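A.B. asks: The chain contents come next:
Protein chains: 2
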Amino acid sequence: MTYIEKLSAIREQMKADNVHAYLIPSADPHMSEYLPKHYKCIPFASGFRGSAGTLVITHDFAGLWTDSRYFEQAAEQLAGSGFELVKLKVQHMPEYINWLGETLPAGSTVASDEKLLSILSGDLLTKNLSNKGITLTHKDYLNPIWEDRPSLPTDPAFLIEEQHIGQSVSSKLAEVRKALSSFQAEYHLVSSLDDIAWLFNIRGKDVNYNPVVLSFALISQDHAKLFINPSKLTEAEKQALLKNGVEVLPYEEIETALSRLPENSSIFIDPKRNCFAYLKVLPASVKVIKETNPSTILKAVKNNTELANTRTAMVKDGVALTRFFKWIVENIGKIKITELSAAAKLRSYREEQEGFVGDSFTTISAYKAHGALPHYSASAESDATLQPESLFLVDSGGQYFYGTTDVTRTISLGKNTEEECIDYTLVLKGMIDGCKLRFPQGTCGYQIDAITRRPIWENGINYGHGTGHGVGYFLNVHEGPQVFNPTNNPVAIELGMITSIEPGIYRPGKHGIRIENLVHTIADSATEFGDFYAFEALTIAPINTTIVKKELLEQSEITWLNNYNAMVFEKLSPFLTEEENNWLKTETQAI
Amino acid sequence: MTYIEKLSAIREQMKADNVHAYLIPSADPHMSEYLPKHYKCIPFASGFRGSAGTLVITHDFAGLWTDSRYFEQAAEQLAGSGFELVKLKVQHMPEYINWLGETLPAGSTVASDEKLLSILSGDLLTKNLSNKGITLTHKDYLNPIWEDRPSLPTDPAFLIEEQHIGQSVSSKLAEVRKALSSFQAEYHLVSSLDDIAWLFNIRGKDVNYNPVVLSFALISQDHAKLFINPSKLTEAEKQALLKNGVEVLPYEEIETALSRLPENSSIFIDPKRNCFAYLKVLPASVKVIKETNPSTILKAVKNNTELANTRTAMVKDGVALTRFFKWIVENIGKIKITELSAAAKLRSYREEQEGFVGDSFTTISAYKAHGALPHYSASAESDATLQPESLFLVDSGGQYFYGTTDVTRTISLGKNTEEECIDYTLVLKGMIDGCKLRFPQGTCGYQIDAITRRPIWENGINYGHGTGHGVGYFLNVHEGPQVFNPTNNPVAIELGMITSIEPGIYRPGKHGIRIENLVHTIADSATEFGDFYAFEALTIAPINTTIVKKELLEQSEITWLNNYNAMVFEKLSPFLTEEENNWLKTETQAI
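Protein chains in written order, with my numbering: chain A, 1108 to 1698; chain B, 1108 to 1698.
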């Protein structure tokens, strides 16, 4: 079936059901960032393969709402599909809702597979369309026309023993139950896969990059039910879960379980991380408490085992990165190195490391002007050959059995412009200011973001992305609730959190620079003014200094940089050959 | 009547009306910061004269809820009054609401003069108490027992001509009406006196420090009604207002006017700046739109006339401050100078300046350990004598016919401890970092606050107040909507706003340091990354450098400081005697 044929098949079903608009969001019932093939609905229907967007189909219009990162790609991939590109003004905003309200007449019906709609989006659609006399309904118009639709993944899952993860499942459940009590909630639905992975000390490979397992959990004060394809677990694993008070039930049964909750009971549901369809399945008398999952907050604060293991993963990752950068610098101009071949080389060095599971996201391997595209992903068509000049940006990360890494370095490949040197130094300066900050308990991400941007702003420069994101423990590389960005998200940075600090400067057509460390919030001092926190640098990878303009750095920044690079050498050298150590010694020498 | 007698007279009325709790907030029907004597209800009922608090009276308990600034004062002033001090955990939080909910049985009634309750507080009380079966009612139990209650002030008001204020009343009304249209609001009630003063180019002296007039305004697309004691305006002034489309009506008639709004009409009311009683007066069918007053935002952005006049006021204020600091420094240890006599001297220098109207708030004249109390106000009992050692902090401001000033300087009086010198330098460093910042359009106050705190945080120090507040034009010294503080208030800093930058360090029992400039947001540059803003220093007063530890400052900070002090000399010297100039030359010399 062509995309045009699919579109008319969808419209036929719409007309038969008297439906006036059909929505296809980019999501699964777990509100995942990365989707199993079964849920890659937008590529199936339109050919667009970007990771963010919404398709809206009416009787006489079909459009993809997506943001500026994907304008070029969408224009190309949608050609001839029957879908038009609708450019979002603001990233992540559901601007199609207003469009629906303005376009559809009163009495219209909007359908979607409401398993792919978050409760937040469902509530927003209801709120904005109901007063215009427009109703929502649940329909899956893709399944009937998706002949070879991939089934849900059946790869095995596995449990991590308490000693390797620092907290037992029963202890985690007890913490969640305490939170439920404080909200007077009897039940708790968890659909988000990273929350489930954390809660049950379970991992899998059902989606790319995130080591999670398709599952749901329903928790009450005396039960914990894990809904998962039972073939994914061995009998021994099921027994181990049972010992922690967890009953394993088939994945599909979550819907029935929700529909059979006792009348007048109460359930705690995170509206951002659960689907609208399951909200509707609940008996009408059930009271719904919509708050952030307790596990989201608990998970963000890493325990000592997780931190110790993460430090080990960071050393292994640093060894791989050191070998990679040495290889690049020594071979540039001698052998052909492209963005894709470089990324493959880096992957091969990571694969040598014990405990490596896979990449934690698509490596950004970007030469020169490609670096100016913050979400660039090299393809066979774009694959640039590295030359002995300008800058090379690599943003990559690994999933290890004992931690998740995410690191960006930008290195000089030879001759550099004055602007490249200044921009590089300013990004480094911002990154150092963030990393070396001391701040009082209660400080929020927006405050740390501002301090990191200051030296870049002072030069009339800014960057369009956040300064940092939370990172999971052998789990998702993007993990809430904390974030370093300019929005007024009032989440305080707590002890034990792992967050990235990654300012950047992007000059379209010229170059892009980003330098990123992961940091761990630690206690710094208790003074008469209160408790102060600081950051431990977790990432252990040399920071290239060849083009640093020392006169733009303050002495305290120079000291931090030299100490950091000295620490990198000290921690990595036991795992390197003499030749590698010689290279790293030079690379990390004080400026 | 003693306080005890007043309390029992109030309780008698409560019992007669079957009322179970009576609230006395610190407010007037305009939600003013400073109250006319007529509305000083808390001092009348309890003897407490602090500026923030709420009295709650039940049949068997009477308490004052106030924050830590007033704990000592309240304990003293409430002695024998029948009222107990209830200590607030968080400043400005209405913690008495929870107490009422926990203390009163279902079916109880809570009364208050709802003209003294903001709509925000009234809504919060309703929301938190109604589900416990507690109802609110409007009663004034003070008036019947307040024999010599001061009447409302009758001092004349006056108009400022357009040429001296830069925008006509009709032009301001047109801007407000445009905002009302965008909210589809037919009427607009304005109760806040600074909004009214701005809208109608009117000033007066009905309260201390703020040059405002007791009045209300009711605005529609074709009418603007100013409710004010008519004796406050001359016939010529009434005619001038009429020419701008403004009808003058008696102050008391606002209530009737509100009660007679057309059925099913709509009204725009700012819930923070209007009283709950007048919300209740509206016909039930009137639709209420609760948003921030359009004038609040318009007023914050100063026009060129206001800015030019403010610059003139700043020079006059700087001349007064220069003379004052010269006098202090030259006489310390020679004649007796106390906190109060110093404040009086400063006032006398300001009074010499043409156009001076009065102080813009109570001068904080604080020697040594008194400086550590951020809201210290010297009294006859506390009045310390200045010695030729340690630090002297003066936070003061003037109302001039052409602008409002607010400036803090801390000066060395002689021998200083190492800690005083370091703390002084750190406060100066933070203040300079704020003042010399370049930032992109859209930056919010919480971002600027963080950058100002950074050097202070880095030394394990913090301060408990915000970094800055908006300032009016010959109007309130505290003016919204912008603020520099750590809360996540998402108000962007716009071109034309005047805001203070005033970090501090306070060591109880030792010393307090604060340095404050007012700054004006100006366009800095337009780069490929967007529009950048910066600050023009409006305050022109020497910054004492004798105890600056130069090694703690970066070169860019030293440059800013030297340029600033040089600018101060250049702008003030034409208005000073040769002797004064000699002193200022030394005081402002480069470090």
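Just so you know, these hints were derived from the structure itself, not from any lab.
The reader is advised that the hints may include incorrect statements.
Because identical chains cannot be distinguished in the list, a pair is counted as satisfied if it fits within a single copy or across any two copies.
[What the hints assert, rightly or not] Simulated pairs of lysine-lysine, DSS-like, Cα-Cα distance not exceeding 30 Å:
(1) 1692 to 1443
(2) 1379 to 1397
(3) 1234 to 1379
(4) 1543 to 1657
(5) 1234 to 1285
(6) 1239 to 1285
(7) 1285 to 1196
(8) 1394 to 1522
(9) 1433 to 1397
(10) 1332 to 1122
(11) 1239 to 1397
(12) 1234 to 1394
(13) 1285 to 1443
(14) 1147 to 1246
(15) 1196 to 1397
(16) 1332 to 1617
(17) 1239 to 1394
(18) 1441 to 1113
(19) 1657 to 1443
(20) 1345 to 1239
(21) 1522 to 1147
(22) 1656 to 1397
(23) 1122 to 1678
(24) 1113 to 1350
From a predicted model like this one, the values you see are computed outputs, not experimental measurements.
A.B. asks: Quick one: which hint numbers does this structure break? Sort them smallest to largest.
C.D. replies: The structure breaks hints 8, 9, 10, 13, 16, 18, 19, 20, 21, 22, 23 and 24; every other hint is satisfied.
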